[in-house]
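Residue numbers (my numbering), protein chains in the order written: chain A, 1 to 452; chain B, 453 to 966; chain C, 967 to 1087.
Take the hints with a grain of salt, since some may be wrong.
What the hints assert, rightly or not - Which residues of chain C face chain B? A few of them, derived with a C-beta cut under 7 Å, are:
(1) Asp997
(2) Val999
(3) Leu1003
(4) Pro1047
Said to hold, decoys possible - Distance condition first, Cα-Cα at most 25 Å in a straight line; then the derived DSS-like pairs of lysine-lysine:
(5) Lys364(A) to Lys401(A)
(6) Lys1008(C) to Lys1064(C)
(7) Lys955(B) to Lys320(A)
(8) Lys1008(C) to Lys1066(C)
(9) Lys38(A) to Lys955(B)
(10) Lys1064(C) to Lys971(C)
(11) Lys1062(C) to Lys971(C)
(12) Lys1066(C) to Lys971(C)
(13) Lys283(A) to Lys152(A)
(14) Lys1008(C) to Lys1062(C)
(15) Lys320(A) to Lys971(C)
(16) Lys677(B) to Lys61(A)
(17) Lys363(A) to Lys320(A)
(18) Lys61(A) to Lys38(A)
(19) Lys1008(C) to Lys320(A)
(20) Lys152(A) to Lys1066(C)
(21) Lys401(A) to Lys61(A)
(22) Lys283(A) to Lys1008(C)
(23) Lys401(A) to Lys152(A)
(24) Lys283(A) to Lys955(B)
(25) Lys320(A) to Lys563(B)
(26) Lys971(C) to Lys1008(C)
Bear in mind the hints are in silico, worked out from the structure with no lab data behind them.
Since this is a predicted model, take the numbers as computed values, not measurements.
Ideal Cβ placement from N, Cα and C applies to all residues, glycine included.
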Amino acid sequence: MRYLPLTPDDRAAMLAVIGAATIDDLFIDVPASARLAKPVDLPPHAGELEVERALSALAAKNRAAGTGPFFCGAGAYRHHVPATVDHLIQRSEFLTSYTPYQPEIAQGTLQTLFEFQTQVAELLGLPVANASMYDGSTGCAEAVLMASRATKRSGAVLSGGLHPHYAEAAHTLAVAAGVETHRLSAAIDDEAAVIAAIGPDTACVVVQTPNVFGTVTDVTPIAQAAHAAGALMIVVTTETVSLGLLKSPGEMGADIAVAEGQSIGNGLNFGGPYVGLFACTEKLTRQIPGRLCGQTVDAEGRRGFVLTLSTREQHIRRDKATSNICTNSGLCALAFTIHMSLLGGTGLRTLAQINHARTLSLKKALAAVPGVEVLTPRLFNEFAIRLPTDAAAVVEALARKDIIAGVPYARLDPDAGLDDVLLVCATETTTAGDIAAFAAALDANLNGEIAA
Amino acid sequence: MTMLNVGRQTRPEESASLTPAYPGRGLLQDEPLIFELGGWTKTGVDFPDEATDTADLAGLTRTLPLRLPGLSEPETVRHYVRLSQKNHAIDLALYPLGSCTMKHNPRLDEKLARLPGFIDLHPLQPISTVQGALSVMDTLAHWLKTLTGMPAVALTPKAGAHGELCGLLAIRAAHLARGDARRVVLAPTSAHGTNPATAALAGYEVREIAQTESGHVDLADLEAKLGPDVAAVMVTNPNTCGLFEPDVIEIARLTHAAGAYFYCDGANFNAIVGRVRPGDLGVDAMHINLHKTFSTPHGGGGPGAGPVVLSAELAPYAPTPWLVHGDGGFDLIEEPVGAAEGSFGRMSAFQGQMGMYVRALAYMMSHGADGLRQVAEDAVLNANYVKARLSGVMTPAFPDGPCMHEALFDDTWLEGSGVTTLDFAKAMIDAGFHPMTMYFPLVVHGAMLIEPTETESRGELDRFCDTILELAAAVKAGDTERFTGAPFHAPLKRLDETLAARKPRLRWSAEAAA
Amino acid sequence: MRFTKDHEWVDLQGDVATIGITAYAADQLGDVVFVELPEAGKTVGAGDALAVVESVKAASDVYAPISGEVAAANPDLSDNPETVNDAPEGGGWFVKIKIKDPAQVEALMDRAAYEAFLATL
Chain A
1 MRYLPLTPDD RAAMLAVIGA ATIDDLFIDV PASARLAKPV DLPPHAGELE
51 VERALSALAA KNRAAGTGPF FCGAGAYRHH VPATVDHLIQ RSEFLTSYTP
101 YQPEIAQGTL QTLFEFQTQV AELLGLPVAN ASMYDGSTGC AEAVLMASRA
151 TKRSGAVLSG GLHPHYAEAA HTLAVAAGVE THRLSAAIDD EAAVIAAIGP
201 DTACVVVQTP NVFGTVTDVT PIAQAAHAAG ALMIVVTTET VSLGLLKSPG
251 EMGADIAVAE GQSIGNGLNF GGPYVGLFAC TEKLTRQIPG RLCGQTVDAE
301 GRRGFVLTLS TREQHIRRDK ATSNICTNSG LCALAFTIHM SLLGGTGLRT
351 LAQINHARTL SLKKALAAVP GVEVLTPRLF NEFAIRLPTD AAAVVEALAR
401 KDIIAGVPYA RLDPDAGLDD VLLVCATETT TAGDIAAFAA ALDANLNGEI
451 AA
Chain B
453 MTMLNVGRQT RPEESASLTP AYPGRGLLQD EPLIFELGGW TKTGVDFPDE
503 ATDTADLAGL TRTLPLRLPG LSEPETVRHY VRLSQKNHAI DLALYPLGSC
553 TMKHNPRLDE KLARLPGFID LHPLQPISTV QGALSVMDTL AHWLKTLTGM
603 PAVALTPKAG AHGELCGLLA IRAAHLARGD ARRVVLAPTS AHGTNPATAA
653 LAGYEVREIA QTESGHVDLA DLEAKLGPDV AAVMVTNPNT CGLFEPDVIE
703 IARLTHAAGA YFYCDGANFN AIVGRVRPGD LGVDAMHINL HKTFSTPHGG
753 GGPGAGPVVL SAELAPYAPT PWLVHGDGGF DLIEEPVGAA EGSFGRMSAF
803 QGQMGMYVRA LAYMMSHGAD GLRQVAEDAV LNANYVKARL SGVMTPAFPD
853 GPCMHEALFD DTWLEGSGVT TLDFAKAMID AGFHPMTMYF PLVVHGAMLI
903 EPTETESRGE LDRFCDTILE LAAAVKAGDT ERFTGAPFHA PLKRLDETLA
953 ARKPRLRWSA EAAA
Chain C
967 MRFTKDHEWV DLQGDVATIG ITAYAADQLG DVVFVELPEA GKTVGAGDAL
1017 AVVESVKAAS DVYAPISGEV AAANPDLSDN PETVNDAPEG GGWFVKIKIK
1067 DPAQVEALMD RAAYEAFLAT L
């Protein structure tokens, strides 16, 4: 077996050193009734060629996003990742190291985390960022709990524009922790409703911008209302590229900002692994979940980096920790930071502008299709349209023509009564040809009979 | 006042004095932060010229400049390659971090995870266009269920701790479904910190179970603490001392008799995969760290994946989405309706860590049923070999009987030498090895937990043991300088963790740098 | 000055007791990096959690040795937690508590008794 270096002779010699007759002697603590006498009922070992053949066959059964017109967003975005990024993250020293517990031989990981934290803090417009969460949705859930700890209150208002998966993940975690979530009904634009829902026991107000319908919102008035009521403002962003063009959460008064960082440096991966960005005000630093990297000096006074403020974490504070998170998204954070280093603020702004421009083209093309109504008032790179029929059926029909038309809102939130709403997205990877093909196919699907 | 985990030196002995930065030393280059490389207006990505109309974003666009430096491609490559060379890695040498299972990461797995049909697949594409991906999930589920002897698995948790939470939330839902609001979770004193942290996150009060002198769960103490308010017993098996719990079946029986569920922390599944099925031990739920047992790369701290196998009794409460076999192929139930009505809900957006599923499945298929059994045997053999070779000099915490996949030593053998566990670990760095896990588990004084894994050759194990024995001889010879000042040959000397915590600097800033 | 088996000291002046941790405790903890203190006005009972003192690798709860109302928390510790190590029984004090029952203080160990207690550890 190619991954196992020991030979039968090695094993025999090592057993002799140990003083054991057979390998079974080393498993004597296992109750006799639970010792398996032979391998379990699964296929035997296989060579590289066989494994590659089997998994390639499964990969080929999927319709990869890049092979044709493709318009899905809603929390995961197809962007171009420079070849350099994937090359660098596959370096052995990054790929096959672990959490930097020994800082003297982990400065590579630690310095990139420090750079990552600085980039995230700058993007989100807040002074402190952690070394990553699993993804945006779990970051959002942790933010709700953090706000509850900080305010000693137990209510959380969730905007109707918050991605339903985020709302559900926050609810799951909140229920167990004794925090009550108040999720508003699905709404394209619900600033007034959010403000009205704030009460004396509100620990936090969670608003996403651009929201799941693509609507861009200046949350400043909501943040002011939250603060006036003694609550914290949590701003969620699922499309990090938008921050190249739009006001940052911090600029709008967020106390905690969480974002899905997948767009930068990371592939779609059918939903994971992704990388959660998490930032907050200085005052909340000691309530932050997860790892933090900090600057210090070594014994000779040279700058170096270490994991710090660890007493917040599970391995020290155990049942009083700010979170149970241990392993996070290290390598995805590295991919993020490398891609962001290539882009810089200048590149990110240009990328955001291109995304916005392509999406305006898509909006124009779809708005021209009879029967399509654009619902999103202010958009970045995704928006919602209303169709005269069931959106899921249209998506299935277009998929048969090799056009991935977007995400039916009802797939995320079946009880909202929005079966006719379709969420669409364009990025720098979307071509004019893709847009024309989509508009034509949609027109044919909706109006085919009339046209014929 | 109660003191936890006290008495560790965390600060270099010598007081820090500023010395000028050096440009390089041999192959090691000194490397500034990207913020010091001056690329405030640069970018390393070429874009087409494309104007956009931001009319409908009036008042919503960024007014503050984005202070993010950009680097050209060659500068980027050099920056990160230089940084990478300051890391130890499993590809470089044995990495014996106990309980972390740092084993070889096959590159085949990396290649396959990057096939466009996997990496370039959106989580919300029409189900008809992702049947291959769902088939990967289904096959992985089948392997995990078969290897553990459990009827169900929830794939979505994103890491071990997330898996623990999944298991406890399923247990909570199962109790609540019976109208039984139990409040307590029991866990041994030797438990990893995530266990109590997870139990608290799931709303439970945590009580500790004592450990016997031989490093096992104290059955009498467990029995005394079990009662109608106990929701679950969380036990790591093999445990954090590297020992298999011989009374595990009795632990399960007592737990069930008290109306509680038995949660097994499967962080150490590598020691028993293919030889023992947790389902045969009475386990109700167990997470599996794909980044440990099934060798997805640790990546400097993630991403991981923490699928949870569940008993038939807990399966109805598994989190959404559920993967099911539909009429036209695989399907996903994404909301707690229909068959998934009892589900405790969603733990995160989407379907979990697909990239990790592909890697883990490629690893499993490569090993097969026979190879995975050999994995456990070689992992245990290697750990016992290290224990046997070092026991004459170092003091094993539990000398009697075999260990499983990791060998635990205490610091009795260092007493009076002026060398602490930390010092010894730092001296290992100078000798080319990553230190073992230190000061964990907390129940053993000055703990040193060594997990070699099955992917080390006998030659590398001997090189490691010879090095440790040579270092130990230096301790005995009174060469304390070699330890208290270590590391001498790493990119940096010992770092001042106290300064970092007292005056936190968590990001670069122009003001602080000026 | 009086002492507890949990290594706290109590210095009563009038009806205000100043509380800190002993030199022994500070030494055991190692370099103190952060102290979480209660806000003035908080009522505490003997045995209640009063503060948390952190070193790099440990967080330890400090329990109130006596009952009363927090009159002040040491404002210097947030910027200079090292004072706890440098002057544990002086500038490194944690809180001042306005007490109702001086007998609670009298019941604690005097220095000789505390030192005898330390000798048993």
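Verification of the supplied hints:
{"no.": "1", "hint": "Asp997", "result": "4 Å, holds"}
{"no.": "2", "hint": "Val999", "result": "4 Å, holds"}
{"no.": "3", "hint": "Leu1003", "result": "14 Å, violated"}
{"no.": "4", "hint": "Pro1047", "result": "6 Å, holds"}
{"no.": "5", "hint": "Lys364(A) to Lys401(A)", "result": "22 Å, holds"}
{"no.": "6", "hint": "Lys1008(C) to Lys1064(C)", "result": "10 Å, holds"}
{"no.": "7", "hint": "Lys955(B) to Lys320(A)", "result": "23 Å, holds"}
{"no.": "8", "hint": "Lys1008(C) to Lys1066(C)", "result": "14 Å, holds"}
{"no.": "9", "hint": "Lys38(A) to Lys955(B)", "result": "57 Å, violated"}
{"no.": "10", "hint": "Lys1064(C) to Lys971(C)", "result": "22 Å, holds"}
{"no.": "11", "hint": "Lys1062(C) to Lys971(C)", "result": "19 Å, holds"}
{"no.": "12", "hint": "Lys1066(C) to Lys971(C)", "result": "22 Å, holds"}
{"no.": "13", "hint": "Lys283(A) to Lys152(A)", "result": "15 Å, holds"}
{"no.": "14", "hint": "Lys1008(C) to Lys1062(C)", "result": "11 Å, holds"}
{"no.": "15", "hint": "Lys320(A) to Lys971(C)", "result": "24 Å, holds"}
{"no.": "16", "hint": "Lys677(B) to Lys61(A)", "result": "53 Å, violated"}
{"no.": "17", "hint": "Lys363(A) to Lys320(A)", "result": "49 Å, violated"}
{"no.": "18", "hint": "Lys61(A) to Lys38(A)", "result": "34 Å, violated"}
{"no.": "19", "hint": "Lys1008(C) to Lys320(A)", "result": "21 Å, holds"}
{"no.": "20", "hint": "Lys152(A) to Lys1066(C)", "result": "29 Å, violated"}
{"no.": "21", "hint": "Lys401(A) to Lys61(A)", "result": "16 Å, holds"}
{"no.": "22", "hint": "Lys283(A) to Lys1008(C)", "result": "21 Å, holds"}
{"no.": "23", "hint": "Lys401(A) to Lys152(A)", "result": "54 Å, violated"}
{"no.": "24", "hint": "Lys283(A) to Lys955(B)", "result": "14 Å, holds"}
{"no.": "25", "hint": "Lys320(A) to Lys563(B)", "result": "41 Å, violated"}
{"no.": "26", "hint": "Lys971(C) to Lys1008(C)", "result": "24 Å, holds"}
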